[in-house]
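J.: Chain by chain, the residues:
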Amino acid sequence: MNALETLRTGLEAIRTHRLRSGLTVLGILIGIAAVILTVGLGEGAQAKVSSEISSLGTNLLTVSPGSSTSSSGIRGGFGSASTLTIQDADALESKTVAPAIAAVAPTTQSSEVLTAGNSNWTTTVVGSEADWLQVRARTVTEGRFLDSQDVADHADVVVLAPTTAEELFGFEDPVGQTVNIAGVPMTVIGELDSVGSGSSSSSTTDEDDEAIVPITTAAQQLFGGTSRDSVQSILIEATSSTTLTAAYQETEDELLVMHHITTPADADFTISTQQQLLSTATSVDKTLTVLLAGIAAISLLVGGIGVMNIMLVSVTERVREIGLRKALGATPVLIRRQFLVESSILGLSGGVLGAALGAVGTQVLPSLVSQPMSLSVAATVGAIVIAMAVGLGFGVYPASRAARLAPIDALRNE
Amino acid sequence: MTGTSRPTDDTQQFDATAVVRVDHPVIELEDVRKTYRTGSLAVEALRGVSLSIGVGEYLAVMGPSGSGKSTLMHILGCLDVPTSGRYWLAGEDVGAMDEADLAHVRNRRVGFVFQQFNLLASMTAQRNVELPLMYAGVDRVERRALALAALQRVGLGDRLEHRPGELSGGQQQRVAVARAIVTDPDLILADEPTGNLDSVSTADVLEVFDELHASGRTVVLITHERDVAGRASRVVRMHDGMVVSEEDSVVGARA
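Protein sequence lines correspond, in order, to chains A and B.
Sequential numbering from 78 applies to the first sequence in the working numbering.
Sequential numbering from 41 applies to the second sequence in the working numbering.
Derived from the structure by calculation, the hints contain no laboratory data.
Possibly wrong hints are sitting among the right ones.
[What the hints assert, rightly or not] Among chain A residues calculated to face chain B with C-beta under 10 Å, some are:
| id | residue |
| --- | --- |
| 1 | 82 |
| 2 | 87 |
| 3 | 90 |
| 4 | 97 |
| 5 | 389 |
| 6 | 393 |
| 7 | 394 |
| 8 | 403 |
| 9 | 410 |
| 10 | 477 |
| 11 | 478 |
| 12 | 488 |
[As the list claims (entries may be wrong)] Which chain B residues face chain A? A few, computed with CB under 10 Å, are given here:
| id | residue |
| --- | --- |
| 13 | 95 |
| 14 | 96 |
| 15 | 175 |
| 16 | 176 |
[Unchecked claim] Restraint ranges, calculated between C-beta atoms of paired labels, are given here:
| id | chain 1 | residue 1 | chain 2 | residue 2 | range |
| --- | --- | --- | --- | --- | --- |
| 17 | A | 443 | B | 140 | 51 to 57 Å |
| 18 | B | 254 | A | 393 | 40 to 46 Å |
| 19 | A | 437 | B | 203 | 18 to 24 Å |
| 20 | B | 255 | A | 393 | 39 to 45 Å |
Note that the structure is a prediction, hence the values are computed from the model and not measured.
We treat Cβ as the ideally placed atom computed from N, Cα and C, and that holds for glycine.
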């Protein structure tokens, strides 16, 4: 009996029990479609996050305060926020101390209400220095950006992002107008370009909606706080992506000196690169993908148990047929093969149909749940192979039972 | 039924193409015993049966229920193996064979006809008849031709595409007979073949057996009906797992 005939016999058996076979296939189908959809969802999210982060620039370092957990174990967010100061930033700007650093921008930020005439608008007010423009890779479309004189003078000037400008002044030219921030009248000196991140879901701030003021003005007149010199973060741009490691080292060394800390492990600040941010973000997504894929794998396992269940029912139900086939000359090997082929066909059809459903799903779902999804060819092929393996694997026990049946016991069964 | 030409070469491997030597009896049983064990209970179904059946014989085995005739049939058909004793089928010692070899012997040496017909309901008559040929590895074209010939032989050449459910009991049993003869076996083994048939169908099927016998086939038929046994050339009566009498048919073939 050749392979083709074994296949034909298996197909005949499946056709004879259409409904039962269909329901078994459905179990596998759902499992496979779930695998493909979750993997697609995970990969889509990863691709989105990494494209968002890499658009921020690859030679950027961010220094944040309060890195290490203190020995006392508890440390308030407020206290930790004051470990970085404008002086730290100034020290890093020195070309002799840090030759690999191209630009340094200490920043503080707070949410404030801006008013201009009858309009008011709540937005993120960022206090920074002239280098901010370079570090964030932004440009000014109208007027000018802050310069070092503004910072030195604690000048009451502000640069608005386009959405903020539009909310406050409509389509009027904002440059030269006055805005009240926390009761302090400030002169608008420029307008930033648009980066078009309006619908961004993963960034915490909308980069088209913010107001930039001199960090000195922010500290002295706007935000207040316990330490007027403290900053929330220092943004650093390396001279190029190849000097990023050197810039990292220089920053760490200089800040340790500034903070009188001898061992890097005790550092009261954290330096992170975009790469780290990227890998953190993607690892979070990976964890999610693994979790979802785990759930999908369980549903596949349940599908496999369904196959086994149905095959066992099938063996019990067809005891007479098996006995007859044995009486007519089928060897145990042939009987086993026949049942294995049958369960493999169930698994394979579930896999192919599930992959098709998954493929349709990755096309249709993104518009419904507004999540990007990508259809992975490897995952699809893998899923089909897994489905067949599930059918085969869970068919082994029922097939062996069929093969072991003694022909007389089988024929005697009424 | 001399029983003296017992093969000495009983270790020979099974060979499908081996020509059956006419001087061997088709069946040679020597003190065959069969004990079934169910838990601690041992039932002796056969208690030393010795029997020789020659080529072209038409033998009926009779006996009441529990006499061991079904067990004998299972052993003759290689569906089961004796607990002790020896059994040669067409010159081959089948007592020592494993499950796969027994399957080959059943496929090529024995044609079964069962009381319950045992046709596969999902297959047409022709596909049912082809089944043993499929396990013998015969290619599709030859299989169809042989199945057609066998069905014509039992008078069902016009029912090839009918499924068992569309045939009468007698017709179904004739399909089963066609399936039994399609491999040209050394032995046709029928277990109460008319037990489920009305008198007209019974006559039909027995007619087929008569024809097979007339054409030189070896037929062993198990029955408890005297007039069915009466058509055989020899009748063996069993009781309590032993052969109690062997006689040439006294009733006469067409009484």
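J.: Hints first: check each against the structure and report whether it holds.
T.: Do the hints match the structure? See the list:
Proximity of residue 82 of chain A to chain B holds as hinted, the smallest CB-CB distance being about 6 Å (cut-off 10 Å). Taking 10 Å as the C-beta cut-off, the interface hint given for residue 87 of chain A is violated, the closest approach to chain B being about 12 Å. Contact between residue 90 of chain A and chain B, as hinted, is supported at the beta carbon level, the nearest pair being about 8 Å apart and thus within 10 Å. Using the Cβ-Cβ criterion of 10 Å, the hint placing residue 97 of chain A at the interface with chain B is not satisfied: the shortest such distance is roughly 14 Å.
Because the closest C-beta pair between residue 389 of chain A and chain B is about 20 Å apart, greater than 10 Å, the hint is violated. Checking residue 393 of chain A against chain B by beta carbon gives a least distance of about 17 Å; that is not within 10 Å, so the hint is violated. Because the closest C-beta pair between residue 394 of chain A and chain B is about 12 Å apart, greater than 10 Å, the hint is violated. Satisfaction of the interface hint for residue 403 of chain A is found here, the shortest Cβ-Cβ separation to chain B being roughly 7 Å, below the 10 Å cut-off.
Against a cut-off of 10 Å between C-beta atoms, the interface hint on residue 410 of chain A holds, since the closest Cβ of chain B lies about 7 Å away. The interface hint given for residue 477 of chain A is broken, as the beta carbon of that residue sits about 13 Å from the closest beta carbon of chain B, more than 10 Å. A distance limit of 10 Å between C-beta atoms decides the matter here; for residue 478 of chain A the minimum to chain B is near 15 Å, and the interface restraint is violated. For residue 488 of chain A, the interface hint holds, since its Cβ comes within 10 Å of a Cβ in chain B; the closest pair sits about 7 Å apart.
For residue 95 of chain B, the shortest C-beta to C-beta distance to chain A is roughly 22 Å, which exceeds 10 Å, and the interface hint is violated. Taken as an interface hint, residue 96 of chain B does not check out: its beta carbon lies about 24 Å from the nearest beta carbon of chain A, beyond 10 Å. At about 4 Å, the closest approach between the beta carbon of residue 175 of chain B and any beta carbon in chain A falls short of 10 Å, and the interface hint on this residue holds. Hint status for residue 176 of chain B: holds, given a least beta-carbon distance of 6 Å to chain A, under 10 Å.
A beta carbon spacing of about 56 Å between residue 443 of chain A and residue 140 of chain B agrees with the range 51 to 57 Å that was offered as a hint. A hinted range of 40 to 46 Å holds for the C-beta pair residue 254 of chain B and residue 393 of chain A, which are about 43 Å apart. Under the hint 18 to 24 Å, the C-beta atoms of residue 437 of chain A and residue 203 of chain B, about 39 Å apart, miss the expected range. At roughly 41 Å, the beta carbons of residue 255 of chain B and residue 393 of chain A sit within the given window of 39 to 45 Å.
Of the numbered hints listed earlier, those contradicted by the structure are 2, 4, 5, 6, 7, 10, 11, 13, 14, 19.
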